[in-house]
Structure formats: structure tokens, C-alpha cells
Amino acid sequence: MNNPNDEVHANKLSAIVGSLEKLNQSVSTVNKLLEEIVQENHETEIISEIWEHYDKGAELMLRSQKLSQQYQKK
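Note that the numbering used here gives residue 1 to position 1 of the sequence shown, counting from 1, and the numbers run on in steps of one.
Treat the hints loosely; a few may be bogus.
[Unchecked claim] Simulated crosslink set (DSS-like; lysine-lysine; CA at most 30 Å straight-line):
| # | residue 1 | residue 2 |
| --- | --- | --- |
| 1 | Lys73 | Lys56 |
| 2 | Lys56 | Lys66 |
| 3 | Lys22 | Lys12 |
| 4 | Lys22 | Lys32 |
To be clear, the hints were calculated from the coordinates, so they are not data collected in a lab. Note that this is a predicted model, so its numbers are computed, not measured.
Based on the provided sequences and hints, a complete structural model is requested.
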């Protein structure tokens, strides 16, 4: 004789397993999206560093030109 609760337990267990599979899929999707965001942030960081170096170089050049002009006036 079967326990009447066995079917209820089996259904609940099946629902839990199904929910965990969906959760696992969702976590995998989120992980992939986070990897894409990290990659895009890395590219943005590189561009930011390039711009910072360009800005410093331009500032040095402008200072140099200003000093050169001041020196030539003397």
C-alpha cells in the first residue's frame, strides 16, 4: 500500500527541481550579462586612461608654448 503523501511529496519535489533549474538558468544569464558589463567597463576604462594621457600631454604642450612665448618676448 502506497503512502498517500508520496505523490504530494513527489509533486513538490518536482516543482522544487523545476524552480531550481529556472533559477540556475537565470543566474547563468545574469552572469553572462555581468561579464559583458565588465568587458564594456574595461574598454571604457582604457579609453579614459588614453584621454587622461592625451589631456596631460596637451596641457604640457600648452604650458611649454606659453613659456616659450614669454621667453621670446624678453
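Proposed proximity, Lys66 with Lys56 (alpha carbon, max 30 Å): Distance of about 15 Å is within 30 Å: holds.
30 Å limit on alpha-carbon distance, applied to hinted pair Lys22 and Lys12: At roughly 15 Å apart (the allowed maximum being 30 Å), Lys12 and Lys22 satisfy the hint.
Straight-line alpha-carbon gap Lys22 to Lys32, limit 30 Å: Cα-Cα ~15 Å, so holds.
Given hint Lys56 paired with Lys73 - CA-CA distance at most 30 Å: holds, 26 Å
Going through the hint list in order, the structure satisfies each hint without exception.
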